[in-house]
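Q: Given chain H, work out where chain D should sit, using these hints.
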Amino acid sequence: MKTDDQIITEITEDTMLWQALKRSDKAAYEILLKKYYAIVLNYGVRFYRDKEFVKDAVQDLFTEIWNRREYLGDVVSVKSYLLQSLRKNIIRESSRLKWFREADKISEDHDFNVEFDIETYLISRDVETEMLKKLRLELDKLTKRQREAIFLRFNQDLSYEEITIIMEINYRSVVNLIHEAIKAIRKNWFTVLFSSFLFIY
Amino acid sequence: MKNYTNFSVEDFIQDAYFRQWAFDELNSDDTFWENWIHLNPEKVKIIEEAKSLVIALKIKPLDIFSESEISEGIEAILNGTQSDNSKVKTIRYKWLHIAASVTLILGLGWWFMEKDRSNNAYFDQITASDPKAIHKNNGRKPITFELVDGSKITLETQSELRYGNEFGDKKREVFLIGEAFFEVKKDSQRPFLIYTGKLVTKVIGTSFRIKAYEQDNNISVSVRTGKVTVYRQDGKLGNKQSLSTEIVLIPNQKAVFEKEENLLIKTLVDSPVSLNDSPKNTILAFEETKISEVFNRLEGIYGIKIGFDKEVFSKCSVTAHFNNENLYQKLDIICEIVRAKYEVIDGEIMIFGNGCQ
Chain H
1 MKTDDQIITE
11 ITEDTMLWQA
21 LKRSDKAAYE
31 ILLKKYYAIV
41 LNYGVRFYRD
51 KEFVKDAVQD
61 LFTEIWNRRE
71 YLGDVVSVKS
81 YLLQSLRKNI
91 IRESSRLKWF
101 READKISEDH
111 DFNVEFDIET
121 YLISRDVETE
131 MLKKLRLELD
141 KLTKRQREAI
151 FLRFNQDLSY
161 EEITIIMEIN
171 YRSVVNLIHE
181 AIKAIRKNWF
191 TVLFSSFLFI
201 Y
Chain D
202 MKNYTNFSVE
212 DFIQDAYFRQ
222 WAFDELNSDD
232 TFWENWIHLN
242 PEKVKIIEEA
252 KSLVIALKIK
262 PLDIFSESEI
272 SEGIEAILNG
282 TQSDNSKVKT
292 IRYKWLHIAA
302 SVTLILGLGW
312 WFMEKDRSNN
322 AYFDQITASD
332 PKAIHKNNGR
342 KPITFELVDG
352 SKITLETQSE
362 LRYGNEFGDK
372 KREVFLIGEA
382 FFEVKKDSQR
392 PFLIYTGKLV
402 TKVIGTSFRI
412 KAYEQDNNIS
422 VSVRTGKVTV
432 YRQDGKLGNK
442 QSLSTEIVLI
452 PNQKAVFEKE
462 ENLLIKTLVD
472 SPVSLNDSPK
482 NTILAFEETK
492 ISEVFNRLEG
502 IYGIKIGFDK
512 EVFSKCSVTA
522 HFNNENLYQK
532 LDIICEIVRA
542 KYEVIDGEIM
552 IFGNGCQ
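Chains as they are written, first to last, in the working numbering: chain H, 1 to 201; chain D, 202 to 558.
In case anyone wonders, no lab produced these hints; they're calculated from the structure. Since we're looking at a predicted model, the values are computed, not measured. A hint or two may mislead.
In silico contact screen, one side only, chain D against chain H (beta carbon under 10 Å); selected entries [claimed, not checked]: (1) Glu-250; (2) Ile-344; (3) Asp-533.
Some residues of chain H that are not near chain D, with every Cβ distance over 12 Å (derived) [as the list claims (entries may be wrong)]: (4) Gln-59; (5) Ser-85; (6) Lys-133; (7) Leu-137; (8) Tyr-171.
Ideal Cβ placement from N, Cα and C applies to all residues, glycine included.
Next up, chain H with everything else stripped away, as it sits in the complex:
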């Protein structure tokens, strides 16, 4: 978890590296690659569970950035640029694949796999399976876009502005997605949690 100041410093540093990369600075490219490779990979695999497919997509993305470095534009945030590009590529590539084989298509209503850690937490606390089932049911009610927005905001520490870039939706929609998700969890989850004697600290 990072504070707002840390996020801003990070964005400025990344932008400097990005400028250097555009001037063919391989060292800067390597720093960005090492910093974001795993993050981008783990984001991609949440859309599409084929490991090798996602690995290829990430390799293409980074290779393309180096090959096209002279033509790259300026970016507001390097991280959101990378995530947005991969997201686009995966969605496009997977629908193209559908013509060749029976691959699962991720279209407008793409998939986004997110599991909440609290289940593990509750299992470790010996919570009855009946209640877990109920909980999971409530969690499944979150839409995929809500899950993605929550993932980007709270797991990846991204700002609303960055999320608008990645998900290609407007600011208001991002705020709403996150707000609605929190509201839903708050309402449903809490009934489940506090109707038993469970306190999570």
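A: Relative to chain H, chain D alone:
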């Protein structure tokens, strides 16, 4: 500190500092939230709800890709992008015959400029026309002054700094003999360039020290904050900033240029400092702590990457209390405990050893 009095549950959830507290990630001596709750007892319910929601929103990490898979993936990309790619070449080739004549003229003009700049003639010219633009320190104490752009310079003894009276609107250029500490005012439109013989240091806004005495065998650039680019100025046609000679430095890293061998290397500063100056970082206690976590903490404090084989050292843990030891002393102690050695390679620390039982 923010005023949290009117915060709703959702405001708290979105607050980074609050989330750190909810996840138990704050330093143990940071009692802000305990105090805050004590002073605002009517908010206890809101805080409790927000805290449990923060925990509820935590997403399970994926363990799909192993460490080795990730480093292999990075390696594959680096190999695939070695030197100039054939793809780019073919695109360039199409334009080559058109662009050739233009390049020649541009190139010549540029060469004359570069030539001038690489000897001191360029700077002599500046100084001749404007005597204000020279700072000399022949005294016994360092002197501190500000440049027109607001950058602060601390010039050590037997040192000299020259610059044009007014910087242009493209870049800020200065010429240094000797040693100085720079706190460069941020200006992304006008990078700050420091010429020291064959070495050029380029920054946007940051603080660092350069040592370039004429009688010394080497020139060094040590970074305190921000990022700095250092490259050789060869003055050859079309070789302004070749890839192999450019180095990006982050805090606590140092570039050393060996004049005779014409060699530019990246290493660490002699005494790395903690990146955040807060005193709570000086005391560091580990109790049976996994070595990966110990190195993580050190990386966080000094901003220096520590590389080690996670599998080999997976069974190692460390119990140690550090107070005023510097980074190297800490590493000596940790390495002693896990029977390892460390080396500074390319501005990073590498740990070598056989692991623990």
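Q: What are the numbers of the hints the structure violates, in ascending order?
A: 2, 3, 4
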